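Given the structure of chain A, go ahead and fit chain B onto it with the hints provided.
Read top to bottom, the protein sequences are chains A and B.
Per our numbering: the first sequence ends with 276, consecutive numbering throughout.
Per our numbering: the second sequence ends with 941, consecutive numbering throughout.
Take the hints with a grain of salt, since some may be wrong.
[As the list claims (entries may be wrong)] Pulled a few chain A residues facing chain B out of the computed Cβ check, cut under 10 angstroms:
| # | residue |
| --- | --- |
| 1 | R9 |
| 2 | Q73 |
| 3 | S173 |
| 4 | G174 |
I should point out that these hints are in silico values taken from the structure, not numbers from a laboratory.
As the structure is a computational prediction, the values presented were derived from the model and not from experiment.
The beta-carbon is built from N, C-alpha and C at its ideal position, and this holds for glycine as well.
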Amino acid sequence: MRRLGLYVGAALVTLVVAMALVSLFWTPYDPTLVVAGQRLQGPSAAHWLGTDAMGIDNFSRILVGAQTTIVVGVVSVGIAAVIGVPLGMLAGQARGWVDEVVMRITDIAYAFPALLLAILLAARFGASPVTAMTAIGLATIPSFARITRAGTLQVMRTDFVLAARASGIRWPGISLRHVLPNIAPLIGVQASVTFALAILAEAALSFLGLSTAAIVPTWGKMLRDAQTVMFNAPLQAVWPGLAIAAAVLGFNLLGDGLRDLLDPRLREVS
Amino acid sequence: MSAPTLPPDAAASTPLYRVRGLTRTFGRAGRVKALDGVDLDVSAGQRLGIVGESGSGKSTLIRLMAALDRPTTGSISFEGQEITRLPEPRLGFLRASVQLVFQDPRSSLDPRMTVGSIVTEPLRSRHLRGALGPVQAGVRLREVLDAVDLPPDAAGRYPHEFSGGQRQRIAIARALAPGPRVLIADEPVSALDVSVRAQVLNLLAGLVAANDLTLIFVSHDLAVVRHLCDTVVVLRAGRIDEQGPAEQVFGEPRSEYTRALVSAIPRIRV
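Isolated chain A, as found in the complex (with noise of 0.2 angstroms):
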């Protein structure tokens, strides 16, 4: 009963990565096809979750907006891991002002609102995923130079560095061969977790019209063409809602049951 959660969130996760791998093949309509004579019907077998405001099957533009959401988390925690890893191992090995440096500029990065930050970037480049996903990717670079930062530290306080460094191992071979495999399980409940926040902050970012503005069904635009006819047609905000949920809440489940699990090994390890 312990890893409940952890198996909740890994049958959540496939069933989103599912979602995204089984659209690229094969919706049960065209998700961009307006079909003027069947506008905002209720679920029937031929629609399961039924049409939107332009008459498009909204299951087949919830399956198809799954694929935004995995890439825009991908790419999101790619760069946020990218970038903010080696910053963190520089500065959890270096110490002195070189860390000082790191973890002040990390602290002012983390105090800029993320949202400020998409919006700006949007206005300078144009609201597209691309914008999107790399606004959510540095502004979650400080959470995974801190992290990366405490296990690194916790790392390089055993004396299996310390032998290492008695045998003249130098720090390329300390960060690859010691820090980095024990921190792997910490960046990966990171990651994860990152992953449900880069989710939520797409669609917010989707809604608000600074993410995607093509054609392409996200999540986050189903629920905005919702907005305009919720008192209408309420379930045309549900479906795309719960689909969010869902993800958000896999990924997180997932990265809090990954964390119990690999706990105990972290702790052996200080």
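Chain B in isolation, oriented as in the chain A frame:
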């Protein structure tokens, strides 16, 4: 007789280690004096015991001697060459000659590396690289595992699959791998079960004799030091309280403090 005398053979030949006026302070404004003006000679082939209570500066002293830390003032020369001000890249002669065994193998062995990679890690050092190719490293791995009575198939397993005594044997094998001339052991058995301490100590003593090693053995257990070492240094609050041949220090201690320590050695009446 004048105050602390050096063993006769140490005075005759050039000492391997020559420590003069070694002081190391910690904290703001150097409030904590871990070491306070230590003078010490270690000659080749000597088996030196460093004893003292917790906080007497034992670990600080060996870290300085292994160039893992820098002194506040004072000098350490190894084979006539000053090491305290040398940058890491020029410490190769020391790194290749001095190896350490730490107190707790749970912390001194990286839990994410196989025994084989742990033991051969010192061979990856830039100071030894080139001297041994992968094939020779494999041969060396089998040699040292055999020397510490571990089966060859231990190489593919992880540290957590071994008992405490076996893990310390792995740590000893790692220290032997690069063929050092000096072995520094920091309380190598105090984290082990009482039942395996004697085995590990005997193994250590045998290896020191067989490989003609200089041993620097740190312990708070005087009975063990008496068994293993020919020369003893008693540290108290960062200063040398007494030093001399083991027989003399244990037989007729000069200082009040050493007398109290020696009389506290538990004896078994037979």
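Status of each hint after checking the structure:
Taking 10 angstroms as the C-beta cut-off, the interface hint given for A/R9 is violated, the closest approach to chain B being about 21 angstroms. A least Cβ separation of about 35 angstroms between A/Q73 and chain B goes past the 10 angstroms threshold, and the interface hint is therefore violated. The closest approach between the C-beta of A/S173 and any C-beta of chain B is roughly 4 angstroms, which is under the 10 angstroms cut-off, so the hint is satisfied. The criterion of a C-beta within 10 angstroms of any C-beta in chain B is met by A/G174, whose closest approach is roughly 3 angstroms, and the hint holds.
Hints 1, 2, counting from the list given before, are not met by this structure.
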